[in-house]
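Visitor: The listed protein sequences correspond, in order, to chains A and B. Heads up: the first sequence is residues 1 to 343, going by this note's numbering. Heads up: the second sequence is residues 1 to 351, going by this note's numbering.
Everything labelled a hint here was simulated from the structure, so no lab data went into it. Each statement offered as a hint is correct.
Here are the in silico distance ranges between beta carbons for each label pair: (1) A:ARG340 <-> B:LYS107: 29 to 35 Å; (2) B:ASP125 <-> A:PHE155: 48 to 54 Å; (3) A:ALA228 <-> B:ARG211: 39 to 45 Å; (4) B:PRO88 <-> A:ARG339: 16 to 22 Å; (5) A:VAL164 <-> B:PRO88: 27 to 33 Å.
Rough simulated footprint, nothing fancy, chain B against chain A, three-plus residues with beta-carbon under 8 Å: (6) 228–237; (7) 242–254.
Where chain A lies over chain B, by a calculated footprint (3+ residues, C-beta under 8 Å): (8) 71–80; (9) 85–96; (10) 99–106.
For glycine and all other residues, C-beta sits at the position ideal for the given N, C-alpha and C.
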Amino acid sequence: MTDTMRSHGEPARGPSAAAAAVTTGGANALMRLTDPPMRAVQRLIGAARMPYVFLLPNLVFFGLFVFLPIGINIVFSVTGGTALFPAERPYVGAEHYARLLDCGSYLEAASCREDLFWRGVGNTLTFTVFQMVAMVLFSLITALVLNRPIRGRGFFRAVYFFPVLLSPVVVALIWKWILQRDGLLNAVLTTAGGEKILFFVDPGWAMFWSVFVSVWAHMGFYTLILLAGLQAIPRDVYEAAEMDGTRPWRVFHRITLPLLWPNLLVVLVLVLIRSVQVFDEVFVLTGGGPGTATMMVVQYIYTTAFANQVQNFGLAGAASVLLGVVLFVLTLIQLFLTRRRAS
Amino acid sequence: MAGLELRGIRKDYGSTAVLKGIDLSIADGEFVVFVGPSGCGKSTLLRVIAGLETVTAGDIRIDGAEVTQTAASDRGLAMVFQSYALYPHMTVHQNMSFALENMGIAKAEISSRVERAARMLRLTDYLQRRPAALSGGQRQRVAIGRAIVRDPKIFLFDEPLSNLDAELRVATRKELAALHAEIGGTMIYVTHDQVEAMTLADRIVVLNGGRIEQIGSPLELYNRPANLFVAGFIGSPRMNLLPTELVREETAGPAATLGIRPEHVEPCAEVDADLTVRVDLVEQLGGETFLYTSADTGGPNGLPLTIRCDGQSRLTRGDLLPVRLRRDHLHRFDATGLACRPDPILARSPS
Numbered sequence: 001m002t003d004t005m006r007s008h009g010e011p012a013r014g015p016s017a018a019a020a021a022v023t024t025g026g027a028n029a030l031m032r033l034t035d036p037p038m039r040a041v042q043r044l045i046g047a048a049r050m051p052y053v054f055l056l057p058n059l060v061f062f063g064l065f066v067f068l069p070i071g072i073n074i075v076f077s078v079t080g081g082t083a084l085f086p087a088e089r090p091y092v093g094a095e096h097y098a099r100l101l102d103c104g105s106y107l108e109a110a111s112c113r114e115d116l117f118w119r120g121v122g123n124t125l126t127f128t129v130f131q132m133v134a135m136v137l138f139s140l141i142t143a144l145v146l147n148r149p150i151r152g153r154g155f156f157r158a159v160y161f162f163p164v165l166l167s168p169v170v171v172a173l174i175w176k177w178i179l180q181r182d183g184l185l186n187a188v189l190t191t192a193g194g195e196k197i198l199f200f201v202d203p204g205w206a207m208f209w210s211v212f213v214s215v216w217a218h219m220g221f222y223t224l225i226l227l228a229g230l231q232a233i234p235r236d237v238y239e240a241a242e243m244d245g246t247r248p249w250r251v252f253h254r255i256t257l258p259l260l261w262p263n264l265l266v267v268l269v270l271v272l273i274r275s276v277q278v279f280d281e282v283f284v285l286t287g288g289g290p291g292t293a294t295m296m297v298v299q300y301i302y303t304t305a306f307a308n309q310v311q312n313f314g315l316a317g318a319a320s321v322l323l324g325v326v327l328f329v330l331t332l333i334q335l336f337l338t339r340r341r342a343s
Numbered sequence: 001m002a003g004l005e006l007r008g009i010r011k012d013y014g015s016t017a018v019l020k021g022i023d024l025s026i027a028d029g030e031f032v033v034f035v036g037p038s039g040c041g042k043s044t045l046l047r048v049i050a051g052l053e054t055v056t057a058g059d060i061r062i063d064g065a066e067v068t069q070t071a072a073s074d075r076g077l078a079m080v081f082q083s084y085a086l087y088p089h090m091t092v093h094q095n096m097s098f099a100l101e102n103m104g105i106a107k108a109e110i111s112s113r114v115e116r117a118a119r120m121l122r123l124t125d126y127l128q129r130r131p132a133a134l135s136g137g138q139r140q141r142v143a144i145g146r147a148i149v150r151d152p153k154i155f156l157f158d159e160p161l162s163n164l165d166a167e168l169r170v171a172t173r174k175e176l177a178a179l180h181a182e183i184g185g186t187m188i189y190v191t192h193d194q195v196e197a198m199t200l201a202d203r204i205v206v207l208n209g210g211r212i213e214q215i216g217s218p219l220e221l222y223n224r225p226a227n228l229f230v231a232g233f234i235g236s237p238r239m240n241l242l243p244t245e246l247v248r249e250e251t252a253g254p255a256a257t258l259g260i261r262p263e264h265v266e267p268c269a270e271v272d273a274d275l276t277v278r279v280d281l282v283e284q285l286g287g288e289t290f291l292y293t294s295a296d297t298g299g300p301n302g303l304p305l306t307i308r309c310d311g312q313s314r315l316t317r318g319d320l321l322p323v324r325l326r327r328d329h330l331h332r333f334d335a336t337g338l339a340c341r342p343d344p345i346l347a348r349s350p351s
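Assemble the whole structure, with the sequences as input and the hints as a guide.
Guide: Listed below in C-alpha cells is the structure:
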C-alpha cells in the first residue's frame, strides 16, 4: 500500500484513507501469518485438493451436528431399552416402526396401537391444510395490496415483515397473553358486553388460534417472496392488458396468477414443509391441548423421547425417521420446482 | 380508422411539466411520427393519447368524440410497445386473440382474424409457440399482429424497432411502411431515430422540452427547418451552424446564424472559397465520405464544419481545404433562433 502510494506520489489523506490503510495492513498481516502453512498444505496434498481443505470446517460442523445425530437417530429407531448410549441398546429391528404403523384403520387414530402418534399425524394434517390455505391466501392478498402504489407502502411492508423477526416462542407467549382466560381479547370482549371465550379449552378454537398465530408470525416472509414475484412481472404487460381491454379480475386470473405461479409453487411447498415441522409455537401456545387436540407429530416425538416418565428414545427415533422421510420427499419436490423455475 | 385532435395538452409530474401545451391534428389514415431527443415528452404524449397517462389539462378527441377521461381500454386504440409486452405464458395465437376474447367476439371470428394477421406478418408457422421461442423480429411482428387483429381506430407505436439489430430494423421498417400502405390505418409512431421518422412518416412532429418545435412532411422539415433546434436535429450529420461574419456580407443578410447542410458545402478553388478549413477526421463510407473539419476563427478552437462528398476522398487529417457554401441552400436564423423567411429554399421549394 505504502509503495503504491509512493509510486503515485500522492499520499492518502483523511480518516477513511487511514481506516483503509489499517484494514489493508491487518489483512496483509493475516496473509503473512497464514501463507506459510497454506503453502505447506498445498505442497502436501496438491492444488486440486485445496478446495476440500476450505470445505472441511463446515463439513465437520455439519457432520457433528446434523449427519451424526441423523445416524444416531436411525440407530435409536432400531434399538430398544432406555439406555442413552447406542452400544448399550439391544437391537430390535423394525419393531418400533411396526408399532407406529400398526393400525386397524389409518383414518381412525383410536384403532392404532400408537394412537397418540396418529392423533399427531391427524392434527398436523389438519393444521397443514388450514395453514397452507390461509397462509397462501393472506400472503397473496397482502402482496397484491402492497404491490399497489398505496400511501405508506414502505411502512406496511415493514409491519408485515416484523413478526418474522420474532422468536416463535416470543410470538406464542404474546398471543397466549392475548388469548388466555383473563387475556386482552377476553377483556375487550367483556368490555364490549360479550362473554369470555375459553379459547384454549375448546378444541376448535385452539386449532384455529394455532393456525392463526402461525400465519401471523410467518406471513411476512411469504408475502415478501410473492411481492418479489409480482414486481418481476413487467409493467408494460399490464399496460398491454389494459390496452387490450382486460377487466381487473381477468387481469389477475389470466396475467398475474400464471406469471406468479412459480413463486406461488415455492411458497406452497415451503409452507407445507414448515407446517409438517410445526412444534414450538403451538406447543408454547396450547401445550398440545385441550387434551391432544393440537398435539402435532413433532410434539409427540418430543414427549415420547423426553417428557414421558419412561423415555422411549427408540419409538421417538422411529417417528423422527418417518417424519424425516416425508420432509425429504417434500424438500426434493421443492428443489425440483425451484430448479425448474430457475431454468 | 379515425382522426385525432389534441388541444392544449399539458402533463405535469409534481412540479415538473413534461408536456407544455400540445396542439395537434392528425388526419384519418395519416402516418405521423413523433421525434425528439430523450426526455422531450414524445413517449409521454403517446401514452397520454393511449390513455395510460392522465392529462393535467387539455382535450383529446378521437373522430370528434371527447375521450380525455375515457379509460385506455375504451378508446379503441392499439399500442405496440418498445419491449413488445407480449404475454410470456401465452402462445402467439393466444397473445393475438386475447383482446378479441375480452371483447366477447365469437371463436370462429377470432380464429379467422388471427390467421389473417398471421399470414400478413408471416407468423403462421409460429402460432403455437411462446414468445420465448421467437426471435426479436418475430416477437415484434407478434406485437404488431396483436394490434392488427383488433382493427383499432389508431395504431400507436412506442419506439418499436429500438430493440432490434440494425439489419432487422431496416427490414421491419420496410414491413411497417408496407403494412401502412396495405391497411391504411391512422398510425402514430414514436422514435428518436430520425431515419425511421424520415422514411416512415407522412408528417413528422418534432418535440423538444415538452413543446412542438415544428410539424411538417419529412422534406419540409429537412428543407425548411423552422428554427435552430429542428435544423440541428433533423439530418445526419447535422446541419452546420455558422456565425454570419464567416461568410461574405452579401450572403448573410439580416440573419444572426447561418445554417448549411453538409452536402451543400463544396470543395472549390481557393479563389472561389468562402472558407478554408482543416480536415480533422475523414469517414469513408464507400459511396460517400464525411469530412469533419474546422474553420479557423481566430479563437482557441476552430469552428466545426461537416462536409459530405459523393464517392471516396483522398484527403487526410491535417489537409487544408478551400470550400464554398452553396448560396441557394443557406438557411438563415435570427437572434432568437427562428428561421428568417423568405429564404432561398422557400423560394425554390415545390411545396
